[in-house]
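Undergrad: Work out the full structure, taking the sequences as your base and the hints as a guide.
For the protein sequence lines, the chains are A and B, in the order given. Numbering-wise, the first sequence is residues 1 to 114 according to the numbering used here. Numbering-wise, the second sequence is residues 115 to 223 according to the numbering used here.
Since the hints were made in silico from the structure, they are not lab data. Given the structure is predicted, the values throughout are model-derived calculations rather than measurements. Hints may contain errors.
[What the hints assert, rightly or not] Simulated pairs of lysine-lysine, DSSO-like, Cα-Cα distance not exceeding 30 Å:
#: 1; chain 1: B; residue 1: Lys210; chain 2: A; residue 2: Lys82
#: 2; chain 1: A; residue 1: Lys3; chain 2: A; residue 2: Lys70
#: 3; chain 1: A; residue 1: Lys69; chain 2: A; residue 2: Lys13
#: 4; chain 1: B; residue 1: Lys168; chain 2: B; residue 2: Lys210
#: 5; chain 1: B; residue 1: Lys168; chain 2: A; residue 2: Lys69
#: 6; chain 1: A; residue 1: Lys70; chain 2: B; residue 2: Lys168
#: 7; chain 1: A; residue 1: Lys62; chain 2: A; residue 2: Lys13
#: 8; chain 1: A; residue 1: Lys3; chain 2: B; residue 2: Lys180
#: 9; chain 1: B; residue 1: Lys168; chain 2: A; residue 2: Lys3
#: 10; chain 1: A; residue 1: Lys62; chain 2: B; residue 2: Lys210
[Said to hold, decoys possible] Examples of chain A residues lying across from chain B (beta carbon under 10 Å, computed):
#: 11; residue: Gln37
#: 12; residue: Leu43
#: 13; residue: Gln101
Even glycine gets a Cβ: it sits at the ideal position worked out from N, Cα and C.
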Amino acid sequence: DMKVTQMPRYLIKRMGENVLLECGQDMSHETMYWYRQDPGLGLQLIYISYDVDSNSEGDIPKGYRVSRKKREHFSLILDSAKTNQTSVYFCASSQQGENNQAPLFGEGTRLSVL
Amino acid sequence: GQQVQQSPSSLVLQEGENAELQCNFSSTATQLQWFYQSPGGSLVSLLSNPSGTKHTGRLTSTTVTKERRSSLHISSSQTTDSGTYLCAIERNMGYKLTFGTGTSLLVDP
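TA: Shown next as structure tokens:
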């Protein structure tokens, strides 16, 4: 069953704490993404990964870093979280070279930084 | 400025009415996708349509690439169509999608 799984689904952290968001996919897709979604701003790309250890900044990478040590797993790390990082975070994956294939999205992680 | 603009921002219909959603983009798009997002939910791909007209079920998308616009027509709307419709473009390959802020659709019974 093709699926992108995000953990945790909900998270509350205090300002200054470290945050780890995890994402897995079972399709062996090469490309994986992290987006955040905020009211009025839509989805914004944080990072894109083209394969293991092949990561590239998106439009809003500041304050975030990523790790991809296995093709099926992509982590988003917030070192010393800030209140303005409260958001809904979506992970997605897609297969490179597949004509017109849209990314498959996870259910999202709702992060509150207090 | 915003690269993908969607209109209207919100729309209310009676069940059975048709909906026309618009997407305009300011840069060349190598790919254009329409997504549906249920309230509080995830995104689901509806159509990939970089150019021309495509149909799936009650959905029709028409993209005029050189005019940098796309539309999504929903015929005979149902209450279960309620949610947010997002347009996204891919710029210069690289698999990076840029999203619009969406059209929020409410279909009343």
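Undergrad: Against this structure, judge whether each hint is valid.
TA: Status of each hint after checking the structure:
1. B:Lys210 to A:Lys82: Roughly 26 Å separates the two Cα atoms, so the pair holds.
2. A:Lys3 to A:Lys70: holds (16 Å)
3. A:Lys69 to A:Lys13: holds (25 Å)
4. B:Lys168 to B:Lys210: Cα-Cα ~22 Å, so holds.
5. B:Lys168 to A:Lys69: This hinted pair is violated, its Cα atoms lying about 38 Å apart.
6. A:Lys70 to B:Lys168: Cα-Cα ~36 Å, so violated.
7. A:Lys62 to A:Lys13: holds (19 Å)
8. A:Lys3 to B:Lys180: violated (35 Å)
9. B:Lys168 to A:Lys3: Holds, at about 26 Å.
10. A:Lys62 to B:Lys210: Holds, at about 17 Å.
11. Gln37: holds (9 Å)
12. Leu43: holds (4 Å)
13. Gln101: holds (7 Å)
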